[in-house]
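Use the sequences and the hints to build the structure in full.
Order-wise, the sequence lines are chains C and U. Here this note's numbering is used: position 287 in the first sequence is 287, and no number is missing along the way. Here this note's numbering is used: position 118 in the second sequence is 543, and no number is missing along the way.
Be aware that a few hints might be false.
For each label pair, taking beta carbons as the anchor points, the in silico distance ranges come out as [as the list claims (entries may be wrong)]:
hint	chain 1	residue 1	chain 2	residue 2	range
1	U	Gln430	C	Ala416	56 to 64 Å
2	C	Gly67	U	Lys464	21 to 29 Å
3	C	Arg407	U	Glu622	30 to 38 Å
4	C	Lys16	U	Cys535	51 to 59 Å
5	U	Arg545	C	Glu34	32 to 40 Å
If you are wondering where the hints come from, they were derived from the structure by calculation, not from laboratory data. A virtual CB, placed ideally from N, CA and C, is assigned to each residue, including glycine.
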Amino acid sequence: MKYLLKGGMVVDPLSKRVDKLDILMDDGEITAVEHQIDASGCEVFTLDGCYVFPGFVDLHCHLREPGEELKETILTGTRAAAKGGFSAVACMGNTKPPADSSSVISFIKDKAQEASFPVYPVGCATKKRAGEEPSEIGDLVEAGAVALSDDGDSIMNGEVLRRVMEYAQMFNIPVISHCEDMNLTGAGVMHEGLNSTLLGLEGIPSAAEDVQVARDIVVAELTGAHLHIAHVSTARAVDLIREAKRRGIQVTAEVTPHHLCLTDDAVKDFDTNVKVKPPLRTRDDVDALYKGLKDGTIDAIATDHAPHRRDEKEVEFNFAPFGISGLETAVPLVWEYLVESKIIGVVELAQKMAYNPAQILGLPERVIKVGTEANLTVIDPGMKLPVRVDEFVSLGKNSPFHDWVLRGWPVMTVAAGEIKFSRSE
Amino acid sequence: MKFKQKDILGLEGLSPEEINLILDTAEPMKEIMTRDIKKVPTLRGHSVVTLFYEPSTRTRTSFELAAKYLGADTSSVSVAASSVQKGESLRDTARTLEAMAADVIIIRHCAAGAPHQLARWVSARVINAGDGAHEHPTQALLDMYTIRNKKGGFKGLKVAILGDISHSRVARSNIWGLTKMGAQVRVVGPATLMPPEIDRLGVEVYHHWEEGLRDVDVINVLRIQLERQKKGLFPSIREYTQLYGLDQKKLQVAKPDVLVLHPGPVNRGIEISPEVQDGPHAAINEQVTNGVAVRMALLYLLMGRGEQDEVPA
Numbered sequence: 001m002k003y004l005l006k007g008g009m010v011v012d013p014l015s016k017r018v019d020k021l022d023i024l025m026d027d028g029e030i031t032a033v034e035h036q037i038d039a040s041g042c043e044v045f046t047l048d049g050c051y052v053f054p055g056f057v058d059l060h061c062h063l064r065e066p067g068e069e070l071k072e073t074i075l076t077g078t079r080a081a082a083k084g085g086f087s088a089v090a091c092m093g094n095t096k097p098p099a100d101s102s103s104v105i106s107f108i109k110d111k112a113q114e115a116s117f118p119v120y121p122v123g124c125a126t127k128k129r130a131g132e133e134p135s136e137i138g139d140l141v142e143a144g145a146v147a148l149s150d151d152g153d154s155i156m157n158g159e160v161l162r163r164v165m166e167y168a169q170m171f172n173i174p175v176i177s178h179c180e181d182m183n184l185t186g187a188g189v190m191h192e193g194l195n196s197t198l199l200g201l202e203g204i205p206s207a208a209e210d211v212q213v214a215r216d217i218v219v220a221e222l223t224g225a226h227l228h229i230a231h232v233s234t235a236r237a238v239d240l241i242r243e244a245k246r247r248g249i250q251v252t253a254e255v256t257p258h259h260l261c262l263t264d265d266a267v268k269d270f271d272t273n274v275k276v277k278p279p280l281r282t283r284d285d286v287d288a289l290y291k292g293l294k295d296g297t298i299d300a301i302a303t304d305h306a307p308h309r310r311d312e313k314e315v316e317f318n319f320a321p322f323g324i325s326g327l328e329t330a331v332p333l334v335w336e337y338l339v340e341s342k343i344i345g346v347v348e349l350a351q352k353m354a355y356n357p358a359q360i361l362g363l364p365e366r367v368i369k370v371g372t373e374a375n376l377t378v379i380d381p382g383m384k385l386p387v388r389v390d391e392f393v394s395l396g397k398n399s400p401f402h403d404w405v406l407r408g409w410p411v412m413t414v415a416a417g418e419i420k421f422s423r424s425e
Numbered sequence: 426m427k428f429k430q431k432d433i434l435g436l437e438g439l440s441p442e443e444i445n446l447i448l449d450t451a452e453p454m455k456e457i458m459t460r461d462i463k464k465v466p467t468l469r470g471h472s473v474v475t476l477f478y479e480p481s482t483r484t485r486t487s488f489e490l491a492a493k494y495l496g497a498d499t500s501s502v503s504v505a506a507s508s509v510q511k512g513e514s515l516r517d518t519a520r521t522l523e524a525m526a527a528d529v530i531i532i533r534h535c536a537a538g539a540p541h542q543l544a545r546w547v548s549a550r551v552i553n554a555g556d557g558a559h560e561h562p563t564q565a566l567l568d569m570y571t572i573r574n575k576k577g578g579f580k581g582l583k584v585a586i587l588g589d590i591s592h593s594r595v596a597r598s599n600i601w602g603l604t605k606m607g608a609q610v611r612v613v614g615p616a617t618l619m620p621p622e623i624d625r626l627g628v629e630v631y632h633h634w635e636e637g638l639r640d641v642d643v644i645n646v647l648r649i650q651l652e653r654q655k656k657g658l659f660p661s662i663r664e665y666t667q668l669y670g671l672d673q674k675k676l677q678v679a680k681p682d683v684l685v686l687h688p689g690p691v692n693r694g695i696e697i698s699p700e701v702q703d704g705p706h707a708a709i710n711e712q713v714t715n716g717v718a719v720r721m722a723l724l725y726l727l728m729g730r731g732e733q734d735e736v737p738a
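Rendered as structure tokens:
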């Protein structure tokens with residue numbers, strides 16, 4: 001089957017060019033990218049006014065399967081990803097059982113195959129995510145793990161982290177670190193500051209993140225491993241990463257849309273949908289994240305999609321689980337808050353959401369090029385719609401963005417050569 | 426003046442005029458309490474439910490008597506703290522009470538914000554009887570009523586709140602209420618029990634009693650929860666009592682007519698010495714009486730009775 005994507009503005013993260021081009025896809029491969037391509041024999045998609053990006057890659061999401069299929073399954077999560085404009089996802093290993101064995105990694109790969117969507121599992125860095133002994137990293141990589149992480153739990157023991165990094169380095173995969181000193185976090189449920197004082201909620205100080213980012217960077221320098229820092233949320237962490245990069249340490253970093261669009265002011269009416277880790281921080285932190293995105297300190301935007309059941313979130317703030325369902329709002333949030341407000345341009349967007357995440361995970365280069373498998377994300381900047389959680393494909397309706405009116409929705413997603421999503425008006 | 430609040434969730438959301446109205450309304454309520462027959466029919470036919478997720482004798486009894494003196498029917502629901510997370514959810518309890526047509530729900534909960542969530546889920550009026558370390562509006566109102574009675578007003582009054590500010594809903598509600606009414610509020614306690622950026626609420630922060638209690642008109646002593654010591658928030662009970670326990674010596678630096686308050690129940694000899702607790706400056710028992718009057722006033726105003734001119738006969 002031949003498809004012609006006609007008249008879109010094609011964004012190239014490498015040459016940094018944006019050109020109005022037609023794209024021809026034949027049997028899942030890009031066979032031509034030219035100014036005018038003859039439409040005969042093709043199904044045509046007219047993309048006037050839309051931007052065409054290399055397929056976005058979410059390098060941090062939770063698909064919950066195996067074990068918590070009432071929150072999300074690999075099928076529902078990947079459909080949400082496609083609808084959200086992602087052509088591939090990396091899913092975290094805090095499943096039940098955790099992805100600390102090749103059998104769980106294989107199970108995830110099998111389910112992804114059934115769902116017919118590219119899923120790259122992240123294996124657990126330590127056995128049972130307990131932070132005590134490295135998992136069978138070689139076996140995990142063999143089964144298809146593309147990175148290692150005990151996401152949600154920091155490896156508190158520096159010695160264990162060191163051995164994980166040294167070992168991971170042999171397989172050329174990154175160690176993704178959820179940076180949080182659990183002792184400094186204590187029983188905290190939101191950012192520590194004026195708002196936690198006003199609300200009488202236990203605070204999580206920025207220091208809980210900062211000290212762990214600093215330690216992980218130092219251990220990365222010691223081992224020479226590739227450290228990827230998940231969901232950066234503090235100004236100090238951005239500074240630490242910037243300095244580490246300047247020193248030539250192999251460190252990359254991601255930020256989530258919710259940390260870019262919300263501050264801890266959002267906690268004021270005790271909406272459990274804003275309860276997330278790391279917690280929503282202050283305006284100064286958000287400004288530092290913007291700066292980090294602009295100057296390249298922060299390489300990627302990732303969703304940290306964390307779906308939960310409605311009844312789990314419909315409880316007292318202290319008792320609610322942490323996390324935001326983010327796959328279906330990431331693109332319009334980033335478009336509205338970063339692109340429309342000129343914090344980043346479309347080329348940077350292609351870098352932060354397609355090219356860089358693929359590089360970090362060691363996937364094939366995300367560029368739109370003849371002779372490569374088609375992976376595309378099409379965004380309509382003119383489309384302005386309210387977020388409706390009841391229309392989410394994800395089982396997780398836990399979003400603080402319900403009713404937010406946003407521009408720049410994904411209208412078409414091509415993943416591994418197949419059209420996985422196409423919005424019909 | 427008409428009282429427009431649907432719920433009483435905290436003093437953060439009340440205006441000085443509303444606070445004055447509540448305190449003024451408490452005056453005739455206190456009179457009712459002195460009658461031989463302490464019952465008026467004002468709230469007859471209305472149902473008041475106390476929903477307590479934390480054990481409390483005085484606050485619950487105070488609310489129940491307040492409702493009964495006004496003629497309302499009361500019933501109480503207790504939920505053991507241990508079953509909060511495994512028992513029926515607050516959401517479902519809210520649905521149940523709504524279905525039973527409760528008019529007023531008085532809730533105490535260990536989790537900050539629970540009353541605010543409940544208020545969103547029910548059409549009944551909700552009164553916060555203490556939520557985590559967030560607010561305890563009726564305690565602050567009865568403290569303020571006691572202060573006003575003893576000191577005649579709030580303008581320029583120096584009020585010290587002494588103890589564990591971090592974990593205290595009493596402190597937060599008092600800070601909101603007193604600063605709104607023009608008092609100068611200071612918080613006195615160890616750095617480990619002082620919440621971050623508390624000074625941005627317009628209070629002065631002191632760690633030493635010599636400065637913190639100097640020339641104050643009122644000292645509100647907070648109950649220290651002994652388990653905080655185990656979490657390393659202060660080194661020992663002994664040292665806490667030495668540095669922050671209110672005794673005769675520390676009282677000397679305050680104004681000669683200083684008023685001493687304590688929300689109770691008291692850890693005798695720890696945060697306050699027996700001599701001070703039972704001495705002439707303390708108004709701890711009076712606070713309890715005033716608590717009933719203030720809660721009667723709130724129920725009365727919330728049920729829309731404030732629009733009728735006369736106070737219950």
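Verification of the supplied hints:
| no. | hint | in the structure |
| --- | --- | --- |
| 1 | Gln430/U - Ala416/C: 56 to 64 Å | 58 Å, holds |
| 2 | Gly67/C - Lys464/U: 21 to 29 Å | 58 Å, violated |
| 3 | Arg407/C - Glu622/U: 30 to 38 Å | 36 Å, holds |
| 4 | Lys16/C - Cys535/U: 51 to 59 Å | 55 Å, holds |
| 5 | Arg545/U - Glu34/C: 32 to 40 Å | 57 Å, violated |
Violation of the numbered hints given earlier is confined to hints 2, 5; the remaining hints are satisfied by the structure.
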